[in-house]
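With the sequences and hints as input, model every part of the structure.
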Amino acid sequence: MSAPLISIITVVYNRCATLPITLDSVEGQTYKQVEYIIIDGGSTDGTLELLEQRKSEFSVLISEPDEGLYDAMNKGLDRATGDFCLFLNAGDAFYNNTSLTELVSPIKDYDTYYFGTAVMTDGKHIYRLNPRKPVQGNYQIGQGLPNHQASLFPRSFYASNRYDTDFKIAADDDFKIRAIRFCPVVHINVWVVIFELGGLSRDLSRFSRVSARYADTQRLISKHFLQDRGRKWAAVKFLLKSGGIYALQLITGYHWRYEYYFNKFEKIPEGEAAKFKSTFDR
1 MSAPLISIIT VVYNRCATLP ITLDSVEGQT YKQVEYIIID GGSTDGTLEL
51 LEQRKSEFSV LISEPDEGLY DAMNKGLDRA TGDFCLFLNA GDAFYNNTSL
101 TELVSPIKDY DTYYFGTAVM TDGKHIYRLN PRKPVQGNYQ IGQGLPNHQA
151 SLFPRSFYAS NRYDTDFKIA ADDDFKIRAI RFCPVVHINV WVVIFELGGL
201 SRDLSRFSRV SARYADTQRL ISKHFLQDRG RKWAAVKFLL KSGGIYALQL
251 ITGYHWRYEY YFNKFEKIPE GEAAKFKSTF DR
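Here the sequence shown is numbered in our numbering, starting from 1 and rising by one per residue.
All clues stand as given, with none of them false.
With a straight-line cut-off of 30 Å between C-alpha atoms, the simulated DSSO-like cross-links for lysine-lysine are:
| hint | residue 1 | residue 2 |
| --- | --- | --- |
| 1 | K75 | K108 |
| 2 | K75 | K32 |
| 3 | K55 | K32 |
| 4 | K55 | K75 |
In short, the hints are calculated from the structure, not lab data.
Source: prediction; values computed, not measured.
Shown next, in the form of structure tokens:
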């Protein structure tokens, strides 16, 4: 089997300060069967000038206004031609220079959804997310999903699927659930990416963030779980529980959701974590 072509897609808007972290990481990968696509939302902070200076490092650059993050990600999918696609957000980085090689090497089937392990930081601590249980096509609500940036989506799936822009901050979860139900899923025990917690929700006010999470949780449950009687009660219980968590977060400002995540994370020893801190401190 020939080496698969990987379409790496980076969506960026006014991230001139952190985008070099991502560009350096992609450029430094030992795996070279890569199509690098950058979708810019019309940045005005010097991002475009930076990309012009480094235009030899990517295959496609689209810079135009969009209707939000997920619309921009769909534009990336529209232009991808790889056997698999991987999203690496502006400011994210591969775990090391061989991460993509290690993730791709075990691939045996171009119609399988492969994913690895992510490393995350909340600004104070560093964690790695390990799968709690095997992910299967009968995914249950609250079970835990693969990390988005550590995911290789096969062309057989992404060619006919797009992010649902009706979601505010959870279209990636919806996309992954659909992928899990569409094709076989395989976890590869490789550390793939390091990123800062928060993502899109970090740019919203507290009220907007909590409201968007709860609304998107309702939408996910309605879209994927209420049609199946066997899953309906579990979905309702999860919605009630998440409603309580989000209400407490709204009142206190405390990131209960992140603490819930951290219960499932493995904290990396300080000595081992030091090199990751330098990635975001430059």
